[in-house]
Amino acid sequence: MSVKDFYELLGERLSLRLEESEHKTLLKEILDWYKEGGSKQVKSKLLERATLILQGLSEDVE
Amino acid sequence: MSSETFHLTNLSIEGFRGINKGLKLDTNGLSTVICGPNGVGKTSILQAIEWSLYGWIPHMKGAEFDVEDAIVNQFHPAETAKVELTLESPENRVKIIRTRKKGHWSRRKSKLVVEMKDATLKGKQAQAKIEELLDLTEDEFYASKYLHQDAIREFIIGDLKTRSAMMDRMLGTYSLRELIDSLPITTITRRTNEIQTQLQTLQSTELRNLPVARAKLEDIKKKLLQKGIPEGDLDIRPLPPLLQELAQKVENLAAQIGVYVSHIETPSQNLPALQEASSRLRNNISLVESERFKKYKELSDKRVTLTSLRDQYKNVLDRLKSLEITDKETLQRKIQEIQAKLTEKKTKREENRDTRDFLQGESITLTNLQQNLKDLQESWEKLISEHGDINSVKEKIAHLDEERNKLRNKIEGLETYGQTIASALEFIKDQKPDACPICKRSIDPLEIADHLQKEISQAQASSQILELRQSVKKIEGNIQKLQRILGEMDGLDNRLKRASVALDEEKKKMAEKTGMAEIDVETVNETLRKAESELKGLDSSIEELTFEKQRLDGDLSHLNEVEKGLKDLTQKIRTEIGAEETGDVLLRELSEAVKKTEEKISSFDTMTSSLEELNKGLMRFEDIHAYLTQEAEVLKLEQEFPELEALMRELTDKHQRLEKLTRGLEDIKQAASAEQKNVVSDMLGEIESEINEYYSKLIGHTYYVDLELSLETRRDKNIYWIKAKGTEHETHVQTRFSNAQLNITAIAVFISMSKHLSKNLNLVILDDPTQSMDAPHKEALAKMLADESKEKQIILATQDQEFQEQLVKLVQPNKHLKVRSWGTEGPVIS
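Chains as they are written, first to last, in the numbering used here: chain A, 1 to 62; chain B, 1 to 830.
Rather than coming from a laboratory, the hints here were simulated on the basis of the structure.
Don't take every hint at face value.
To be verified - Keeping only pairs whose Cα atoms sit at most 25 Å apart, straight-line, the calculated BS3-like set for lysine-lysine is:
#1 B:K660 / A:K28
#2 B:K122 / A:K40
#3 B:K21 / A:K35
#4 B:K778 / B:K818
#5 B:K717 / A:K24
#6 A:K24 / B:K669
#7 B:K669 / A:K43
#8 B:K21 / B:K778
#9 A:K35 / B:K95
#10 A:K28 / B:K778
#11 A:K45 / B:K778
#12 A:K43 / B:K161
#13 A:K40 / B:K778
#14 A:K24 / B:K654
#15 B:K818 / A:K43
#16 B:K129 / A:K40
#17 A:K43 / B:K122
#18 B:K294 / B:K314
#19 A:K40 / B:K669
#20 B:K95 / A:K40
#21 B:K815 / A:K35
#22 B:K677 / A:K43
#23 B:K660 / A:K35
#24 B:K660 / A:K24
#25 A:K35 / B:K669
#26 A:K40 / B:K717
#27 A:K43 / B:K717
#28 A:K45 / B:K21
#29 B:K109 / A:K45
#30 B:K677 / A:K24
#31 B:K222 / A:K35
#32 A:K40 / B:K677
#33 A:K43 / B:K815
#34 B:K124 / A:K35
#35 A:K28 / B:K759
#36 A:K28 / B:K124
#37 B:K660 / A:K40
Whole structure, please, built from the sequences with the hints as guidance.
Now the structure itself:
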């Protein structure tokens, strides 16, 4: 199984367990970060998002 | 990610742990048994492998390893540790070189070089390359490649998190665990809560401030109206002149008391200026009140002092006046005079006492002597009257003596006659003469004898002799009686003479002592009575003088006391009122001072009402000021309120967005956790049977014959338990297994894990795995390892001779390294 396949499969399986579409979108983002830079990337990006919210800025800054 | 399979082919060690000089081990990728007694450096060889790969030996824990370098060999001349490890795969050959200079502790600090066919890497890149090639983290290496007894037991009974992560690695669900662990839900929740707290604070304080302030304003207004302050006065304009007026009054009072207060100018018509001025006025009033109280107290104390002094002084003067003599010298002279008289009288009294005592003695003596003389004279006269005088008695005695002599002669004649006849009778009887020898006439002897016999009988029995003897006896009795009387008379005469002499001598002595012409008992008694009378007079006189002296002594003492008190008091009064006078004049001045002090106190009393008025005025000012301040606060809050509302909206928005993010993450975490459980539940059975296969080969436990792995969610984390099962019961292995059984469990799990984790490094290292095992278990382990060695390279160190012989026989082909002993240059290889 290729790396891409693994994360896609994982995303699909987890998405099935989520009801809200916003949560599915968030999962997709998280898996992309995980694929990119592992758990550290996920943690860093999520904390960055929380900081943006606290600063009153948009969360879509990439 | 690499998928090559590496074997360890060469190992070169120098200056590391127990190895000083270079030691080379060429395994050629084969399983290797290192054997030898304890303490010869076997473990150092195995530790060199782990240190070269990860630069750290995790069992080196504790304070001692923080203060001493346990990596570099103590005897190495260059104080440098160097390990070269060669890993080979069919396609690749990687040489790992790790070095370290001796430091002050055993923590990570080493240089790493990785040499490959096409590249040489150093430091972090080199370390990352090792992990990439082997697909094995440090934790995984210790859990599946290097079976150190302590490490594997720690894995079994130690940290749940590490154990669970290992299990997920084995089961292929580590990504899900890592994904879950990477979600910073706790941090984001904490930040959400902080926003929530801010919102609550805003709602409970600042947003409530305006209505609260308005209510407070109304409350103040209501109270002021109740106090009688008209609504029209709730204005800032009359406040400056009102404060100025009050300030002026305070200054006037301060001047009266004699205290300095700061001058207050008319304040500006704004609340802070009025506040500042009212504070200063409050301070001034406090100062005046404090000073007034202080001075009032001083005056009151002074009044008490002066009044007390006045009363004492008056009392002392009265006492002085009450004394009869107020001149000390006159008093002392008078006392001396009385003392002289007293001394004289006492001397005289002593003399009189001596005279009286003498007379008393003499009176008794004289009386006795006279009585004695009288008694003797009476006895004398009685004897004279009875017996006549001495001469008469003597004559009677002489007469009686003469008469007695006559009678005695007569008796003697009669007795001689009788004896003569008896002699004649005896002669006659003897001689029987017939003639008288004298007259020669013839005689009849018998007749004569009869005749003589009759004559003797008549003479001897004659009553005449008896009568004569009676008369003699009687006369002798009379003589004795008269002689006794004569003796008495002589004695009495002597005694009379002596008594007379004694009386005369006593009288003479007394006459000499008293000068009395005539001495007798009567005159002596008369003189004695006079002496006693004089003594009584003296006693009375002495008593009177003593009383008088005591009275005068008392007066003198009293005078001294009064004078001393007067002196002290006068000094005190003079100091107190600054006067120079004494006596009544001083008393008048003192009374005057008391009066003046009371007048001053009275003036301070009137000041109290002025201060009360001032306080009332200031309170009215402060009430109006408080109202106006509150009014200004309400105005300010009304202006700020829209800003606060905007802030509330912003915070609410942030809070909602963070909550939304947290909910999403929680949802994803739940999904990942559920997915992990789902995947694991399918795979656990397979892993379990593999572990149990090894557990069975190693003869694990006689009752708990199967091991069971389970996954549970605990405190929001998925964790694994290892239990052992029997036919009816099950147990956590940590709670009931012996050390040997725990080791067997550990080896079973370890070998199973080594199969699943990192197939890239086809190597298993075991350090003394037979500890606590008996012969059957050792044999079972040797057989199992022989089987495993067919698929993977095993490097094993043991001190157990029997076990190593079994291994060398069963594991084929193999390399066999025998370490004989250890010295400062390192292990000695056979």
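Going through the hints against the structure:
1. Proximity of B:K660 to A:K28 is assessed by CA-CA distance (about 16 Å); at most 25 Å being required, the pair is judged to hold.
2. A threshold of 25 Å between alpha carbons decides the hint, and for B:K122 with A:K40 the separation of about 24 Å falls inside it, so the pair holds.
3. For the suggested pair B:K21 and A:K35, the alpha carbons sit about 47 Å apart, so the restraint of at most 25 Å is broken.
4. Under the criterion of a C-alpha separation no larger than 25 Å, the hint pairing B:K778 with B:K818 is consistent with the structure, at around 20 Å.
5. Under the criterion of a C-alpha separation no larger than 25 Å, the hint pairing B:K717 with A:K24 is consistent with the structure, at around 22 Å.
6. Under the criterion of a C-alpha separation no larger than 25 Å, the hint pairing A:K24 with B:K669 is consistent with the structure, at around 12 Å.
7. For the suggested pair B:K669 and A:K43, the alpha carbons sit about 13 Å apart, so the restraint of at most 25 Å is met.
8. Distance check on the hinted pair: B:K21 and B:K778 sit about 34 Å apart at the alpha-carbon level, beyond 25 Å; violated.
9. Between A:K35 and B:K95, the direct Cα distance comes to roughly 31 Å. Violation of the 25 Å bound is thereby established for this hinted pair.
10. Between A:K28 and B:K778, the direct Cα distance comes to roughly 53 Å. Violation of the 25 Å bound is thereby established for this hinted pair.
11. Taken as a hint, the A:K45 and B:K778 pair is broken in the structure, with Cα atoms around 53 Å apart against an allowance of 25 Å.
12. A hinted pair counts as satisfied when its Cα atoms are at most 25 Å apart, and A:K43 with B:K161 qualifies at roughly 19 Å.
13. For the suggested pair A:K40 and B:K778, the alpha carbons sit about 45 Å apart, so the restraint of at most 25 Å is broken.
14. At most 25 Å may separate the alpha-carbon atoms for a hinted pair to count; A:K24 and B:K654 meet this at roughly 21 Å.
15. Between B:K818 and A:K43, the direct Cα distance comes to roughly 51 Å. Violation of the 25 Å bound is thereby established for this hinted pair.
16. Between the alpha carbons of B:K129 and A:K40 the distance comes to roughly 19 Å, so the proposed pair stays at or under 25 Å and holds.
17. Annotation: proposed proximity of A:K43 to B:K122 is violated, straight-line Cα distance about 29 Å (limit 25 Å).
18. Taking the CA atoms of B:K294 and B:K314, the gap is about 30 Å. The hint is violated against a cut of 25 Å.
19. For the given pair, A:K40 sits about 16 Å from B:K669 by alpha-carbon distance, which is consistent with the 25 Å threshold.
20. Between B:K95 and A:K40 the alpha-carbon distance is near 30 Å, which puts this suggested pair outside the 25 Å criterion.
21. Distance hint between B:K815 and A:K35 is unfulfilled; the C-alpha atoms sit about 44 Å from each other, more than 25 Å.
22. A hinted pair counts as satisfied when its Cα atoms are at most 25 Å apart, and B:K677 with A:K43 qualifies at roughly 23 Å.
23. Using a Cα cut-off of 25 Å, the hinted pair B:K660 and A:K35 holds, with the two alpha carbons roughly 24 Å apart.
24. Of the supplied pair hints, the one linking B:K660 and A:K24 holds, its CA atoms being roughly 13 Å apart against a limit of 25 Å.
25. Restraint check: the Cα-Cα separation between A:K35 and B:K669 comes to about 17 Å, which is no more than 25 Å; the hinted pair holds.
26. With a C-alpha separation of about 19 Å, the suggested pairing of A:K40 with B:K717 holds against the 25 Å cut-off.
27. Restraint check for A:K43 and B:K717: satisfied, since their Cα atoms lie roughly 17 Å apart, inside the 25 Å limit.
28. Distance check on the hinted pair: A:K45 and B:K21 sit about 51 Å apart at the alpha-carbon level, beyond 25 Å; violated.
29. Annotation: proposed proximity of B:K109 to A:K45 is violated, straight-line Cα distance about 32 Å (limit 25 Å).
30. Proximity of B:K677 to A:K24 is assessed by CA-CA distance (about 20 Å); at most 25 Å being required, the pair is judged to hold.
31. In summary, the hint linking B:K222 to A:K35 is not supported, as the alpha carbons are separated by about 71 Å, beyond the 25 Å threshold.
32. The hinted pair formed by A:K40 and B:K677 meets the criterion: a straight-line CA distance of about 23 Å does not exceed 25 Å.
33. The suggested pairing of A:K43 with B:K815 is violated, with an alpha-carbon distance near 48 Å, which exceeds 25 Å.
34. With a C-alpha separation of about 22 Å, the suggested pair B:K124 and A:K35 falls inside the 25 Å cut-off, and the hint holds.
35. For a cut-off of 25 Å, the pair hint linking A:K28 to B:K759 is broken: about 31 Å separates their Cα positions.
36. Restraint check: the Cα-Cα separation between A:K28 and B:K124 comes to about 31 Å, which exceeds 25 Å; the hinted pair is violated.
37. Between B:K660 and A:K40 the CA atoms are separated by roughly 22 Å; this keeps the pair inside 25 Å, and the hint holds.
Going down the numbered hints, you'll see the structure goes against 3, 8, 9, 10, 11, 13, 15, 17, 18, 20, 21, 28, 29, 31, 33, 35 and 36, while the others check out.
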